[in-house]
Amino acid sequence: MQAQNLEGAIVAPGNNHRYPRAMTDAAPVSDDPTRDRLIQAAAAVFAEKGYDGAGVQEIARRAGFTTGAIYGRFRGKAELLLAAIEAHTTNELEQLFADHRFEGRVTDVITTVGSHLLTDPFDEGQALLLEAFVAARRDAEVAELMRELLRQRATTFAALVEDAKASGLVDEGLDTDAIVRFCHAVGFGFLLFGAIDLQPPRADAWEILIARLVGALGDPVTDQ
Numbered sequence: 001m002q003a004q005n006l007e008g009a010i011v012a013p014g015n016n017h018r019y020p021r022a023m024t025d026a027a028p029v030s031d032d033p034t035r036d037r038l039i040q041a042a043a044a045v046f047a048e049k050g051y052d053g054a055g056v057q058e059i060a061r062r063a064g065f066t067t068g069a070i071y072g073r074f075r076g077k078a079e080l081l082l083a084a085i086e087a088h089t090t091n092e093l094e095q096l097f098a099d100h101r102f103e104g105r106v107t108d109v110i111t112t113v114g115s116h117l118l119t120d121p122f123d124e125g126q127a128l129l130l131e132a133f134v135a136a137r138r139d140a141e142v143a144e145l146m147r148e149l150l151r152q153r154a155t156t157f158a159a160l161v162e163d164a165k166a167s168g169l170v171d172e173g174l175d176t177d178a179i180v181r182f183c184h185a186v187g188f189g190f191l192l193f194g195a196i197d198l199q200p201p202r203a204d205a206w207e208i209l210i211a212r213l214v215g216a217l218g219d220p221v222t223d224q
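Quick note: the sequence shown, position 106, residue 106 per this note's numbering, numbers continuous.
There's no promise every hint is true.
To be verified - Label pairs and their calculated CB-CB ranges:
hint, residue 1, residue 2, range
1, E124, D32, 19 to 29 Å
2, T66, A178, 42 to 52 Å
3, E172, Y71, 43 to 53 Å
Just so you know, these hints were derived from the structure itself, not from any lab.
Beta carbons are placed, not taken as given, at the ideal position from N, Cα and C, and that holds for glycine.
Please put together the full structure from these sequences, using the hints given.
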């Protein structure tokens, strides 16, 4: 279940739903070093001052450029925020699904992701994602960019669930969209817990609950 990670994300939600742990501290790597520096500067300024308090001039100055460098690559602050989120998040579900240990078992992947919700620290990436959700309440452009990001990550996760239904791991009678939204809701809930440093549940109790929930996804006919 991510995302905090959506994608987190459980998605924890950059190109990369953190579906469980949504974010990493890894710097973006591309063939445009200037863009990379702008994104890193933007991430730092957004984390320090919030979306509303961050200015493009400060971001450009922090990166060592003029605002022209920003507008030559981004339409504005909203796109910079999205780029920063994407650079600091990872789709953990996709990474785990590619791990041969799981042999394509989406239920095992969700179980692993769910356990990570208790251990992943609240980092800069998660702070950016939280800031984006807050900013989306006031800025229509941020809201639309976030909706599109979540739509993309939801589509990826939904495909995994559909594959699991085809193989009998997940009950075909369960609604795929409901499963995806539930996982995202859990992941984003942990994002909020991290923001206020709320004590998580005991690891053993949480793993028992996750196992029970994942087991309930199975095809009742197959389980008999």
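Comparing the hints with the structure gives:
A hinted range of 19 to 29 Å for the beta carbons of E124 and D32 is consistent with their spacing of about 21 Å. Look at T66 against A178: about 48 Å separates their beta carbons, and that is inside 42 to 52 Å. Remark: the range hint 43 to 53 Å for E172 to Y71 is upheld by a beta-carbon distance near 49 Å.
Going down the numbered hints, you'll see the structure goes against none, and every one checks out.
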